[in-house]
Every structure is written in structure tokens, then in C-alpha cells.
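Enquirer: Residue numbers (the numbering used here), protein chains in the order written: chain L, 1 to 108; chain P, 109 to 353.
No lab work stands behind these hints, which were simulated from the structure alone. Each hint should be verified, as a subset may be incorrect.
Claimed, not checked - Some, not all, of what chain P presents toward chain L, calculated at C-beta under 7 Å:
#, residue
1, His122
2, Thr141
3, Ile152
4, Leu158
5, Tyr162
6, Ala200
7, His333
8, Ile340
We treat Cβ as the ideally placed atom computed from N, Cα and C, and that holds for glycine.
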Amino acid sequence: MSEHEHQQNHAEQEQHIVSPRIYLVIFFALLVGTALTVGASYLELGVFNPIIAIAIAVAKATLVVLFFMHVRYSSRLTMLTVGAGLFTFMALIGMTLSDYFSRAWGRW
Amino acid sequence: MSDSTAIAHGAHEHPPYQRHHFETMGQQVDATTFAMWLFLLTEIMFFGGLFTAYLIYRNWYYPAFVAGSHQLNIFWGSLNTLLLISSSFTMAMGVWCAEMRKQAGLVLCLVLTFILGIGFLGIKTIEYSEKIEKHHVPGFHYSVQSFVDPSSDKEAKDAGDKPLRLDMARHTEVYFSLYFAMTGMHALHMIIGIAILGFMIVRARAGAYTTGHITFVENFGLYWHFVDIVWIFLFPLLYLISRHQ
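Bound-form chain L, shown alone (with noise of 0.2 Å):
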């Protein structure tokens, strides 16, 4: 194995550690993030109460993903298979959906 070679795996080696710091800053905006979602469910807010919490939802996954599982420290590999598996299930779900809500409005 040349040098350059054994230095290179000696970088893939080394395991990007995540500071508990961090840890407790993401916990506690998912704590805050519990909090608004709550907190906006008693108002009145019409077609915007679903979407609110869906996109509250979403921000605490994302910080769950990228902080707590690593993704935002993780291999470009790993980053493309969070990512492809995103891009599916937003397709899988988005064509279903779209189909669904717009044939036989009113006639089932």
C-alpha cells in the first residue's frame, strides 16, 4: 500500500464525533418545536392549522436527521441515500396523492 494510499484510509478512518453541546441544542428546539405545535393546534387557524404542523413536523425531522443521525457529518454516500430515499417517497407519495384528490370530487 503507497503512502498516499494508507493516508487516505487513514482519513476515511476517522469518525466525525458529534459534541454533546449540539446534542442538547437539537433537543431543545425539538422541545420548542413540541411546544409550537401544540401551542398553534388551539388556534383557529382554518386550512392553516394541517399545514403548520406538518411543516413544524418537518423542520423537527430534519434536525432529528441531519443532527441526531449524523447525516449533516456523514459520507457523501450516505447523504445520497437519505436524499434518493426523500426524492421516492415524496414522488411515491406525491403522485398517489395528487391522483386521489383530483378524480370524482364528490361522488365516492
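Guided by the hints, dock chain P onto chain L, whose structure is given.
Expert: What follows is chain P alone, placed relative to chain L:
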């Protein structure tokens, strides 16, 4: 490890936990992380099907889903969200302890995660038993009483529900079918996670994860956070978005 394997490993210098079909430890970690994420993607698709069914039926039988959702208790739901987020935090700290080779800290974090998980299931049991008492479990004993006559039902009366016609009231059974399917599958994932946590606590006490090889803790952490994310979406969809109307 016997002497002969120790010599064999000494000959080509790699950690004892590195499998021989991997060139480097980095490659092994990358491969296992990749595999874990692929598994989680199949889980996302699985829960995604349930979420899609919920959204379609909510759109179809909207008044029934609103009335059904009023039967859930926001206090229990919020408390469970709190427990699960806290358990995700303790699990993340557990991974950090394993990385820093702090055995006592790791055991403490795993035990806390275990207790918070049990607490979540305990509250779910309280909620389920309320549904059983009120005959809101889909099946032969399902009762639409709370929905055709809201004045007879405390939760429906508090929410100011209007009486539903019998055909729409019947569709509340669809709401509760999806409620039990989604929270039940989530609870099953929690039970499996708690069982694995129990196993990990025993292994961690024996010093298994504080030798520099943390793949198992790391990947279990990914699973546990995934289960947390599912609840982050279940909570608003089932409990919160239909409080008005």
C-alpha cells in the same frame, strides 16, 4: 481470542473487529452505515403507505376523521412526544459515550433510553384502554354512540361535536382502524427497540461497545431516531390537525 489468531492478526495489523473481507475499517463502517440506511428506507416506504392511506381517507371521510380525532387526549399525546424526544436525546448521548469510551455513561444513557421507551408504552396502554372501554376498537363491538349522539360522550361534548349521520358515523371506524394500525406498528417498533436496548445494556456492562467498535450502538441509534421521527409525524396527524372544524 486464541494465541494463533492473535498472531495472525498481528501479522497484518488491523483491529480484531475488522472483518477480513473489508480492506479498511473505514470501508467496513461505510458499508454497514449504508446497509442500515437502506433498511431504514424500506421502513420509510412501509410507514409511508400507512400515512398515504390516512391522508386519502381523511380527505374522503373528513367529518368522521375530525370527530374520531377529538377522542384522543392531547395531554397524553404531548407527554409521549416529550418522552420520545428525550429518549432520542439520551440515545444520541449514548452514542457519544461509546465514541468517547465512557462505559458508565453509556450504560446510564441506555438505561434512561430503556426507561423512557417503557414510559411511552405505558401511556399508550392508558390510551388504548380508554378506547377499549368506549368500544372504539374496530370490530364486532365497535360503537358509534359517541358520534351519532355527542352529548352522551364527554370528549365529544367538550370538543363541541355536532351529531353525525349514521353513514358518516360508521366511517369513524376507518379512523380508528388507521389509528390502531399506525400507532400499533409504531409501538411494535418501540417494543423491538426496547428488547434490543435490554440486550445492549447487558453487553455494554460487559464493556462490549467501549473498545472503539461502536457500529452496533451507532446503527441502533439510527433505528431509535427513525422510530422517533415516525412519532413526530403521527402526533400532529392523529392528535392535532383536527381540533377545530
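Enquirer: Look at each hint and say if it fits the structure.
Expert: For each hint, the structure was consulted:
Given hint, P/His122 at the interface with chain L, is violated; its Cβ is 11 Å from that chain's nearest Cβ, farther than 7 Å. Given the 7 Å rule on beta carbons, the hint for P/Thr141 holds: about 6 Å separates it from the nearest Cβ of chain L. Interface hint at P/Ile152: satisfied, since its Cβ lies 6 Å from the closest Cβ of chain L, which is below the 7 Å cut-off. For P/Leu158, the suggested interface contact is broken, since its CB lies about 11 Å from the closest CB of chain L, more than 7 Å.
Given the 7 Å rule on beta carbons, the hint for P/Tyr162 is violated: about 11 Å separates it from the nearest Cβ of chain L. The interface hint given for P/Ala200 holds, since its Cβ lies 5 Å from the closest Cβ of chain L, which is under the 7 Å cut-off. At its closest, the beta carbon of P/His333 sits 5 Å from a beta carbon of chain L; the interface hint therefore holds under the 7 Å criterion. The interface hint given for P/Ile340 holds, since its Cβ lies 5 Å from the closest Cβ of chain L, which is under the 7 Å cut-off.
Of the hints listed earlier, those the structure fails to meet are numbers 1, 4 and 5, in rising order.
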